[in-house]
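J.: Sequence:
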Amino acid sequence: MLNQPGIDHLNSETDAMGHSFQVDRMPGVRVFLLGLMLMIPLLAVSGRLLFIQYMNAEYFYSQFGRTTESIEPIPSRDGRIISVDGQILAIDVERFDLQAHYRWLEEPPNSRWLKKQALKLLEPIDRRNQEKVEAAKQQILARRRRLWEDLAVVVRMNPDELKVLCRKTQQRVETIIENVNQRAAKVPSEIQIEESFSDSKEPRSQNHLSAVWELLKETLTKPPRRPQKERIVVREELDYHTLKSDIPREIALAISAHPERFPGINIEIATLREYPKKTIAPHEIGIRHRIDDKILVARKQRFPEGDPLDYREGDRIGKTGIERSYDRYLRGLRGLKRVVKDRQGEIVRTEIIREPKSGDDVVLTLSTQIQEQVQHLLDQTLQRLQQNVDQTGSPHHVSAGGCVVVLDVRTGAIIAMASAPRYDLNLLLNPSPDEWQAVLNDPKRPLFPRATQMMLPPGSTFKTLTSIALLESGKVDPDEFFSCRGYLDRPDRHRDYIYRHFGVGHHDINLTQALTQSCNVYFFQAARKIGPQTIYHWADQLGFGKPTGIDIPGERGGHLPDPKPSNKKKKSPWYPGDTLGIAIGQSRLTVTPLQIARLMAVVANNGELIVPHLAQSIVPSAESSTTRRKMISYPRRYVSGIHPGTLQRVREGLINVVAHPQGTGYKTVRMKEITIAGKTGTAETGGGKNDHAWFAGFVPVERPKYAFAVVIEHGGSGSKVAGPVAKTLIQLLLKAGFLTSTQVKLQAN
1 MLNQPGIDHL NSETDAMGHS FQVDRMPGVR VFLLGLMLMI PLLAVSGRLL FIQYMNAEYF
61 YSQFGRTTES IEPIPSRDGR IISVDGQILA IDVERFDLQA HYRWLEEPPN SRWLKKQALK
121 LLEPIDRRNQ EKVEAAKQQI LARRRRLWED LAVVVRMNPD ELKVLCRKTQ QRVETIIENV
181 NQRAAKVPSE IQIEESFSDS KEPRSQNHLS AVWELLKETL TKPPRRPQKE RIVVREELDY
241 HTLKSDIPRE IALAISAHPE RFPGINIEIA TLREYPKKTI APHEIGIRHR IDDKILVARK
301 QRFPEGDPLD YREGDRIGKT GIERSYDRYL RGLRGLKRVV KDRQGEIVRT EIIREPKSGD
361 DVVLTLSTQI QEQVQHLLDQ TLQRLQQNVD QTGSPHHVSA GGCVVVLDVR TGAIIAMASA
421 PRYDLNLLLN PSPDEWQAVL NDPKRPLFPR ATQMMLPPGS TFKTLTSIAL LESGKVDPDE
481 FFSCRGYLDR PDRHRDYIYR HFGVGHHDIN LTQALTQSCN VYFFQAARKI GPQTIYHWAD
541 QLGFGKPTGI DIPGERGGHL PDPKPSNKKK KSPWYPGDTL GIAIGQSRLT VTPLQIARLM
601 AVVANNGELI VPHLAQSIVP SAESSTTRRK MISYPRRYVS GIHPGTLQRV REGLINVVAH
661 PQGTGYKTVR MKEITIAGKT GTAETGGGKN DHAWFAGFVP VERPKYAFAV VIEHGGSGSK
721 VAGPVAKTLI QLLLKAGFLT STQVKLQAN
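The sequence shown maps to residues 1 to 749 in the UniProt record's numbering.
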């Protein structure tokens, strides 16, 4: 043909195999090959889709129902504080809170959540069947209705009341959602910024084929972009919310035992510290409160390998009193549980990893019977003093408070330690700002632990120690008579109480009589003979100027002035008047009521310096490996260098204070039922304020069992104000069986 292409190899009539060659001989083959080239990628994509749909469907369904695990604490119970007579003074009580998942209370139900709940009811093969999906949705809605109907019955609430609680919770969460999304709308999207940045970094395609390839790769490999106006899902939508706090235990157990009836419902267990006796010995029991950051940091530094008590943020720790001193015993160890949740935040399964361990109980030496009665006695005394001031219009300041301490002379066990005024321990657990300010601003200081921190001049009660000092010095014969004209050198200073009020003195008087009648002039003259250093030495030996070692924190030791301070101490001038003042419990000397009570115990028990204490024993918790009660021991020692004869002469004087008609406690303290030894004290304060009223002693005289100290701040005369309180105290001990009536009439010396 004349129009054939002019190419040499096409001009040949045969091909390489020798066959005749024609260009259009096999057009169908060319079309087939072209179609095959197009079908291969499509077959690969289709094969992958079929593999995912049928062979790997379970994997993707499992990812759809993926769960998350977390380790959560199980609250433990802190140990109890129990009185010696079996009364519970501090205890952890369980609180059960009813919680509901937000999606189960939301109205109308969230469409995505509802569909996911419905899909859970279906087999994988049925999840693409719309009719079955709709039927499953109706089952979920019916289950929601039954849930709230059953819950209202179990918690004994009107269904409408329960709906109101749900509505309030939903309104609160919706407010959070609105606020979060409004704030997000004002801030540029981080995703948009990132995408624009990445787009600016990618080079533009140089040709159409490259552009098509990049578009295809992005479409197949990158997730779809989220619309800018898609709402943010906040955490509160995927969490449980408390509907009702402190539900009864039986209701909580009924709900927990039937999770299939109460889907989306959780019982949150917490422990709260309670003080059933409220105002009984609040300063001594103390309080447990939320641990602060400083203590947490300090414990981490102290225990770098892990806190043995496992303290964490939000835990309670003993802050004051027994709660603090014995925190290592009272502290319970939290348990741990593994909680499995689905993608919606609902609890699927829980597993206990470590059971919680309760804290040990601490048994005190306190008797709630005596403690309560003594507190009431103090309150009545202060109220009566207030009424007297109101009726007489006295310019003197009314008493701010008082204190009574009663302890065993042999062991130091405290059976009562009452302060007035005081506070309710439960009030301090979660006080309102107004309540807290009212307590802080109270001029009578109800938070002040008077027994261990109130430092006052002891007045004539300290003559007990001065008597020991002058007898042990050997410089004063106890039977030697000193002349008392009512004052020492001048009528306007260093006087006796009777001279200030009646203008007379005690005439000739010896040691026993001086203690009995509380003669200042006798002790002034004796102090001049023995010197201040002797008094200081014996005061130091008997524990003044330092804490007694009681097992509660914050105790103060008072102030014992040193006539010859060492270089380490701050030096101050020592005047002759200081020697005279200390001899009768005045000058710069201050003591605590607990120190005076211990002084009386030393006289009663023949010189043994006991350690006052409140804790008697530790009782292991039920989870402990041992059931044996641990008795707490305390150090005891005899005062070095003190002679039994010295204490015997001092006891004679203290006995006559109450038993002798001329004794300062004869009219207000003496009882026929039992013999009492003691010493009155009227400590001058100056500044136009009333004196502090003291009475301290021990009982019974024949076989001393208890020592005690009574002090009324600015109460006035020790014999007239503190004496009657001491007498009533002993009557309470007799009535309660702590003492036995002796019916012995002691012959006064």
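Incorrect hints may have been included.
What the hints assert, rightly or not - The list that follows gives simulated cross-link-like pairs (lysine-lysine, PhoX-like), each with its CA atoms no further than 20 Å apart: (1) 735 / 672; (2) 735 / 705; (3) 278 / 115; (4) 244 / 278; (5) 163 / 244; (6) 137 / 116.
Since the hints were derived computationally from the structure, they do not count as laboratory data.
J.: When you check the alpha-carbon spacing of residue 137 and residue 116, does it fall within 20 Å?
T.: holds (9 Å)
J.: For residue 735 and residue 672, compute the direct alpha-carbon distance and say whether it is at most 20 Å.
T.: holds (14 Å)
J.: Are the Cα atoms of residue 163 and residue 244 separated by 20 Å or less?
T.: holds (12 Å)
J.: Please verify whether residue 244 and residue 278 have alpha carbons no more than 20 Å apart.
T.: violated (26 Å)
J.: Next pair to validate is residue 278 with residue 115; report whether the Cα-Cα distance is within 20 Å.
T.: violated (54 Å)
J.: Within 20 Å, alpha carbon to alpha carbon, are residue 735 and residue 705?
T.: holds (15 Å)
The structure shown violates the earlier hints numbered 3, 4.
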